[in-house]
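*Asks:* Residue numbers (our numbering), protein chains in the order written: chain A, 1 to 381; chain B, 1 to 381; chain C, 1 to 359; chain D, 1 to 359.
Rather than coming from a laboratory, the hints here were simulated on the basis of the structure.
Heads up, the beta-carbon is just placed ideally off N, CA and C, and yes, glycines get one too.
The reader is advised that the hints may include incorrect statements.
[To be verified] Result set (SDA-like, lysine to any residue): computed pairs, CA atoms no more than 20 angstroms apart in a straight line:
id, chain 1, residue 1, chain 2, residue 2
1, A, K352, D, E264
2, A, K352, D, R126
3, B, K163, C, M322
4, A, K352, A, P341
5, B, K352, C, T265
6, B, K163, C, E38
7, A, K163, D, M127
8, D, K64, B, R283
9, A, K163, D, G92
10, D, K64, B, A279
11, D, K64, B, P211
12, B, K163, C, M127
13, B, K352, D, R126
14, A, K70, C, M322
[Said to hold, decoys possible] Just a few of them, taken from the derived set where beta-carbon distance is under 7 angstroms, the chain C residues facing chain B:
id, residue
15, L93
16, M127
17, A181
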Amino acid sequence: MTVLEQPGAYRPAPPPAWRPRTDPAPLLPDREPYRLLGTGAELDPTLLRTLHGHLVRGRRYNRQATALTKQGRLAVYPSSTGQEACEVAAALVLEERDWLFPSYRDTLAAVARGMDPVEALGLLRGDWHTGYDPYEHRVAPLSTPLATHLPHAVGLAHAARLKGDDVVALAMVGDGGTSEGDFHEALNFAAVWRTPTVFLVQNNGFAISVPLAKQTAAPSLAHKAVGYGIPGRLVDGNDVAAVHQVLSEAVERARRGEGPTLVEAITYRLDAHTNADDATRYRDDAEVETWREHDPVELLEREMTARGLLDEATRERAHEEAEEMAARLRARMNEDPVLDPMDLFDHVYAEKTTQLREQAERLRAELAAEGAEENGEGDER
Amino acid sequence: MTVLEQPGAYRPAPPPAWRPRTDPAPLLPDREPYRLLGTGAELDPTLLRTLHGHLVRGRRYNRQATALTKQGRLAVYPSSTGQEACEVAAALVLEERDWLFPSYRDTLAAVARGMDPVEALGLLRGDWHTGYDPYEHRVAPLSTPLATHLPHAVGLAHAARLKGDDVVALAMVGDGGTSEGDFHEALNFAAVWRTPTVFLVQNNGFAISVPLAKQTAAPSLAHKAVGYGIPGRLVDGNDVAAVHQVLSEAVERARRGEGPTLVEAITYRLDAHTNADDATRYRDDAEVETWREHDPVELLEREMTARGLLDEATRERAHEEAEEMAARLRARMNEDPVLDPMDLFDHVYAEKTTQLREQAERLRAELAAEGAEENGEGDER
Amino acid sequence: MTTATTGTGQDARKTETARKPATMAQALNRAMRDAMAEDPTVHVLGEDVGALGGVFRITDGLTKEFGEDRCTDTPLAEAGILGTAVGMAMYGLRPVVEMQFDAFAYPAFEQLLSHVAKMRNRTRGRMPLPITVRVPYGGGIGGVEHHSDSSEAYYMATPGLHVVTPATVADAYGLLRAAIASDDPVVFLEPKRLYWSRADWSPEAPEPVAPIGRAEVRRAGTSATLVTYGPSVPVCLEAADAAREEGWDLEVVDLRSLVPFDDETVCASVRRTGRAVVVHEASGFGGPGGEIAARITERCFHHLEAPVLRVAGFDIPYPPPMLERHHLPGVDRVLDAVARLQWESEWTERPEAFEGGTR
Amino acid sequence: MTTATTGTGQDARKTETARKPATMAQALNRAMRDAMAEDPTVHVLGEDVGALGGVFRITDGLTKEFGEDRCTDTPLAEAGILGTAVGMAMYGLRPVVEMQFDAFAYPAFEQLLSHVAKMRNRTRGRMPLPITVRVPYGGGIGGVEHHSDSSEAYYMATPGLHVVTPATVADAYGLLRAAIASDDPVVFLEPKRLYWSRADWSPEAPEPVAPIGRAEVRRAGTSATLVTYGPSVPVCLEAADAAREEGWDLEVVDLRSLVPFDDETVCASVRRTGRAVVVHEASGFGGPGGEIAARITERCFHHLEAPVLRVAGFDIPYPPPMLERHHLPGVDRVLDAVARLQWESEWTERPEAFEGGTR
Ligand SMILES: Cc1ncc(C[n+]2csc(CCOP(=O)(O)OP(=O)(O)O)c2C)c(N)n1
Ligand SMILES: Cc1ncc(C[n+]2csc(CCOP(=O)(O)OP(=O)(O)O)c2C)c(N)n1
Ligand SMILES: [Mg+2]
Ligand SMILES: [Mg+2]
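Isolated chain A, as found in the complex:
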């Protein structure tokens, strides 16, 4: 059976014989966002502790990165403050051999997956585009053109399956990104080819300034799954245990060869779109305050405290570790990166064209002249 001969795939038949390919009922998302924290559900204490450490460090990472923009050490930072539960869970549900496809807001997910934070921030510092080797942690380049990386996740998962590898690709996109044609095409390819792909939509209520109501009229974004013939799941995106659970199920489903899942996580961006954005133009502080009461870090700490899993010492240790991480990051980001302008020509093609060789020579001559003039000051800025 080729990957295209899916069970249940339908051919048209004259209407007396028509039947839906699958029963749509099981594809419909949860009637309300799936939650675990505060529900009294059974939860794995070790997992909660791991998630807690990540959340605390993640929050601190967001704060530190934002601070680095003020110090001119980052060109820009799109913060995921308030969305750490999604970022962390997305990273932790994956095996080493799996792939993560982050969008431009998801450096934290990459860091939670084990990436050096300085490399993760390379794009936003501005010394190169993708600051890391995608193959090292199997993290695709951060995608700035929205939703364009979703078909990549589908293609990669498809290729892995063709090669017989049980690799899952998890792709992250925002509520705004679901409006793009690429979102539609990716989900459709994934559904038709049954690729092991998990689509995580972080619905944080806004695409920059545009609220969800101007983005979609759907009952929920998870309902879009039905139109592709794949299951949709709806989850409280600030409940890290719930996000972890729902994503794990989706990843396992994919790994079992049962195809893609669309997960909508309802969350909120507490910071402005980026440091350059003025969020007061499009939303009230009151709304932000409502969401602070549903903060992912606090939700988890409250739950763990209630369950006796978080004593003050543990809590403090987590926060101390986060401070150390932040201090290390700050120190390293305060070093000027050493850049070689000649790199500009090295990675356009496998081999430089004659024209690029000429252009490289011209730049080299300019730099030499500059260097001579400036008495060896070189070309770092």
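Chain A is fixed; fit chains B, C and D with the ligands onto it per the hints.
*Replies:* Chains B, C and D with the ligands only, in chain A's frame:
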């Protein structure tokens, strides 16, 4: 209230307060294709007679146009044989002030709307791109790039609504076209802005050679509606009464300001994709035969005969009229169109640029030289 | 970057009556505002153009003044935005579409190439599409990848589009008004790094500017002509100033519109000076400079003392912020090209007989 | 058009062992077949490439021989096809994507421009994308609108892509093999109207051809150089034959690859002949000819007896079938341009001193 402040439009709220924007249940399409013929439903005899005349002429038109390709009078013809019920119903449900947005296969719908068939075939004859004035019958240019005309229908309906005109736009697309990003973006814009747009998907089972099963894994294409928050309808596309009924309801809904509807009509293309296609490469004659037994013209004739609405004389008259139409079309298409190559430069911009004036002069000189050489043979081919 | 302008659009309108320093951003904002006030069929649409006023604040205040139906936040889908604008134009509106950044116009290319550029032609002139597509373009603002592309070559290669780009505050207003008023689709390229450039300019009495299709000599000179547009105009003016030290008196021609192209003004200048350098940020290979240099050479061959040279971005993807200064054509590179214009040449004007051949 | 080839791809393979007439379509088909047989990572995907063998039958028989997983009918969505191919390439496959027609590649432009062309660069060489994008292009086949675009200017203006186009049966095979084997993304432009052109060629022992990046002199001559590619190569060869009557001995250079561009071969020819005409179907303004003419002029200025002229499609949307012959550059227009190369010129080679200046 601006068009963007829709009732029920939702803003995100922390999960305890979350609720779906609308109940998804009413958006779900019919459980099986809606049918009227053969169900004993009450039907308007006058309407049936009108539809019958159109179907018979439509079938004959398809046959004639295909014949014209063999005589070299059309460059290509994508036949809608087998799909006449959809073509005709789409045209007839609209008021004069409404707009039709046909795809490349839908010249018949344009003709059924009242367009001169020679003008409707202009594109396929090759004397110009759009052979007609879109404003005369409010028919947008036939769209060759698939699904790209769907946002046009949304924009036009939106503009009409802003101007206070109760105009509806009905756009036609194939099952293959639903996979394009433009389909997704158009439906989403229409849903968010609640534009008076009706989307008619003619699911004829194939996109050229690609069967539906390789195009989608959805329960039905109508199920895609749910993901946009609009109602989906499923209809037997060969039951002209049913298609007319479902489309009429969608048009009225749109006209009442209740927004767009997605209609999937299940039908079958009995001919090859175009005269240039070899359908035996990708489908069995047996499958085609199954569908011949569900032929839209026959279905209606059987029903009308059973109801005593179609005596032999009436039937013959309809077929005679169709023959006359075909004869007129053939005669007119056998005349060489008179073309002026200088037209090439006239409609690029409102005013010719200097460069186009120069180029036009150059061509004029060439033609004059040619003409002189050929002793006045001129530039018609 | 964004904080600098918070609220200025609105305030500016009320207070400025005489010629005072205004930014290009303000002039663009005012152009849309005035067009909307004068013509109820003008509609602005795009991502974040409403409450936010656009990420560059160019549409600041328009929703407040004209309502959401006239200046509309769209869903996040560029093909959908432009495609919807096509339908609106079909029904008699005059849409002004904002693409948030150059590279984010790419998803709309099919709509632009297959419909916007061709609709008038496809319908024998019956269905013109008076759409303005505003695209902030170019680099020099420290933007991360996909935020600094110079995409004008794509637009130039598409018959049916006008391609316009202002370099001055007055042109920003005048050309945008002209673009919106045009019955043809106009791709209106806004040089991002000039958004905050200033000039004395009165929003109440904006000075008239030459129409779309005319180039302007921004600086008269005799030694050689710099042919340029958009973000490179200030660079060329600076280079011309610096060139005086070397004894060159450079003429600077600002194209203003790439399509239609003003052969007359450009060629008149080059015929006078006998030498030309084309300057732009876009990559050299396959970029606008090739067309421009080729046209000049075809028309002025026997007036040329040296080949028309080009100073352009390298043939590479736009570099990361920390390296962009090496990529962007700066004053030194322009002067270097001028120096290579074969000043030692013994060339002298050829006899009149040959002039006829330059078509 | 299509019936002519039904089944030929497969049959041809079995029966042809010696050099017999083969079509370009057969050679392209064979190239994919051989690449797939040799390298299991080569995957073909696109609309109708499976059972149908593509609307031009270029992928005929591939699914039958290699299975649906190797030659795959995709859903109808070009951005999805190319985007999926990107992901496949990330995982070590070598996708060969078919775009059904030139204009239907436009929906995939964002993927092409923002990812395919840039991925190697973005990742500092770590994530190369060995993708071949096959695009049937150009007119002359009586296609209705959106079926005859010459879109090469868009690809040329995009650093990071190779842009290749064969004009002969041998090159069709050799260049496509090279494109598929290349570790860089290649836009492989197939001149539709040459699909059924024939030449003696052996599928069992295909003759080696020059690599991507080299132009070929298809006809040696001394009077002037015609620089061309793809569908215009046969036109230029015919024009060169006709030109003998007028006493001109024309050299014809087939570029074969627009990127990388073979300055060496082109300039060597033009320096020898002193005159050049660039010929292509794409619209003149902003088209490939501008770049080519500008490069030649920059490099060969003092060898030129006349400006480099261009013969190109008009600056209009591609015309309807019944009018396309007026648009396409034909033999007469090429000869007319040659006639305008200022043969009366009294120009003589300038002293050596100037040669250094042509960089
Ligand atoms: C194709 C494309 N269009 C526009 C943009 C500009 N842009 C950057 S972020 C953004 C909003 C994204 O919203 P959403 O998808 O909800 O993600 P979030 O920022 O909330 O994480 C926009 C419009 C872009 N990056 N890519
Ligand atoms: C954007 C685009 N891609 C590809 C094509 C080529 N093409 C023409 S018709 C067709 C199949 C269309 O299938 P469907 O949408 O089901 O409509 P049908 O032909 O069945 O009426 C294809 C792929 C096109 N016209 N436009
Ligand atoms: Mg968001
Ligand atoms: Mg179909």
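*Asks:* Compare the structure with each hint and give your call.
*Replies:* A quick look at each hint next to the structure:
1. At roughly 16 angstroms between alpha-carbon atoms, K352/A and E264/D fall within 20 angstroms of each other, so this suggested pair holds.
2. This hinted pair checks out: K352/A and R126/D have alpha carbons roughly 16 angstroms apart, not beyond 20 angstroms.
3. About 50 angstroms separates the Cα atoms of K163/B and M322/C, which puts this hinted pair outside 20 angstroms; it is violated.
4. About 15 angstroms separates the Cα atoms of K352/A and P341/A, which keeps this hinted pair within 20 angstroms; it holds.
5. Restraint check for K352/B and T265/C: the C-alpha separation of about 18 angstroms stays at or below 20 angstroms, so the hint holds.
6. For the proposed pair K163/B and E38/C, the alpha carbon gap of about 17 angstroms is at most 20 angstroms, so the pair holds.
7. Taking the CA atoms of K163/A and M127/D, the gap is about 19 angstroms. The hint holds against a cut of 20 angstroms.
8. Proposed proximity of K64/D and R283/B is supported: the alpha carbons are some 15 angstroms apart, at most 20 angstroms.
9. Restraint check for K163/A and G92/D: satisfied, since their Cα atoms lie roughly 10 angstroms apart, inside the 20 angstroms limit.
10. With a C-alpha separation of about 17 angstroms, the suggested pairing of K64/D with A279/B holds against the 20 angstroms cut-off.
11. Restraint check for K64/D and P211/B: satisfied, since their Cα atoms lie roughly 17 angstroms apart, inside the 20 angstroms limit.
12. A distance of roughly 19 angstroms separates the Cα atoms of K163/B and M127/C; the hinted pair therefore holds under the 20 angstroms criterion.
13. A threshold of 20 angstroms between alpha carbons decides the hint, and for K352/B with R126/D the separation of about 49 angstroms lies outside it, so the pair is violated.
14. With a C-alpha separation of about 17 angstroms, the suggested pairing of K70/A with M322/C holds against the 20 angstroms cut-off.
15. A hinted interface residue such as L93/C counts as satisfied when its beta carbon comes closer than 7 angstroms to some beta carbon of chain B; here the least separation is about 5 angstroms, so the hint holds.
16. Restraint check, M127/C versus chain B: the minimum CB separation of about 5 angstroms is within 7 angstroms; hint holds.
17. Taking 7 angstroms as the C-beta contact cut-off toward chain B, the hint placing A181/C at the interface is violated, the least distance being around 11 angstroms.
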